[in-house]
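Numbers in my numbering are just positions in the sequence shown, counted from 1, shifted up by 381.
Where hints are given, some of them may not hold.
To be verified - SDA-like cross-link-like pairs, simulated, lysine to any residue; straight-line CA separation at most 20 Å:
{"hint": "1", "residue 1": "K507", "residue 2": "R476"}
{"hint": "2", "residue 1": "K507", "residue 2": "H494"}
{"hint": "3", "residue 1": "K429", "residue 2": "T387"}
{"hint": "4", "residue 1": "K507", "residue 2": "P562"}
These are calculated hints, taken from the structure and not from any lab test. In this text the structure is predicted, and so the values were computed from the model without any measurement.
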Amino acid sequence: EFFNFTRGRFLCDEKLELKRRHRTFNVYELMRIAAQAVGATHCNHIEKLPDGTCNRILLLSMDNGKQVVAKIPNPNAGRPHFTTASEVATMKFMREVVGTPLPEVYAWSSRAHETLVGAEFIIMEKVEGITLEEASLPLDSPEMFQVVKSIAEHVHAWSCLTFEQYGCLYFARDLERHCLPALRYTDSSGVQISDKRFVVGPFYHYDYLDKTRDTKRQNNGPWSSLGEFHTAIVERGLARLEHTAPLSPATGIYGPGLYQPSYETKIRALNAYLGIYHFMIPPDLSFSAPHISHCDVENRHIFVDPNNSAKIVGIIGWQTTAILPFHFHRLEPGWFHPQQSEPD
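Using the sequences and the hints, build the whole thing.
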């Protein structure tokens, strides 16, 4: 079961969806590397945690009492090497430069062919706490108020950094062939900083990539202007329509006059977007400037102190983090909205 998706089932295209989430790897080599990373002699136990959307998550317990979490991306996680390399670089930047509480990375590899594990992996610190989902705090409780306040403070700290390009963070050494300039950003005091350890590189997230064609030919950034950013979105959509198989039959029931997907309507919508996006850009340019965004701030990714549920002790889920226009950021997590009561 280590290699397969076991969290649930799929109503449509299950065989294909399971294939996208199937990943084989050398379990014993992963255990050996994890033990070595935390100064243990060997790993006593390995447990598979609930699958993520794009990752296999494992909890490893060592003979010295330490526990670590291993994260192995599935084929649907994004382009090989880039997805893992960007996640690790982002975690280091956010932890050491910004001061965000998140797990320390002990060992990792973004090149499956260079490790005996046979797959990309990240071995990281196990956050000592419970998820906000497990805490089940009422939205109107004082504890939840403090949690929301803390999250707002973290988001504010992230948004106080203004970058010069849109894309994703990487270590410079991982993109040497791309000859990209050193990372430059402006901090909350207005001071311009250059950090040669990092660069802004291409955007290879799973929800942006076209899985039906060569991703190397797509305009994946980095982008230096809003025009380049929005044009790339449209070009990616048009290219996907041109190179994909015919749209599958609709799986829903549609009444008269309701929208049904077709090539023609999608192409018209994309071309229309290219003509009107200028009018959707906020007049205040600070809202469209490049800022780093944690795109998945959900309650399962926020850890709180079990003895003080108002205190955030860790934030995970950095795989989809990107530098985007500020008005693209998701500022209200889904869990923040109260559940609507069922009508009588």
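**Item:** Agreement of K429 and T387 with the hint, judged by alpha carbon distance not exceeding 20 Å
**Value:** holds, 10 Å
**Message:** Would the hint linking K507 and R476 be met if the CA-CA limit is 20 Å?
**Reply:** With a Cα-Cα distance of about 15 Å, the restraint between K507 and R476 holds, given a limit of 20 Å.
**Asked** Going straight from one Cα to the other, do K507 and H494 come out at no more than 20 Å?
**Response** Distance ~26 Å between K507 and H494 Cα, so the pair is violated.
**Message:** Checking one constraint from the list: CA of K507 to CA of P562, max 20 Å. Satisfied?
**Reply:** violated, 34 Å
The structure fails hints 2 and 4 (numbered hints given earlier, in ascending order).
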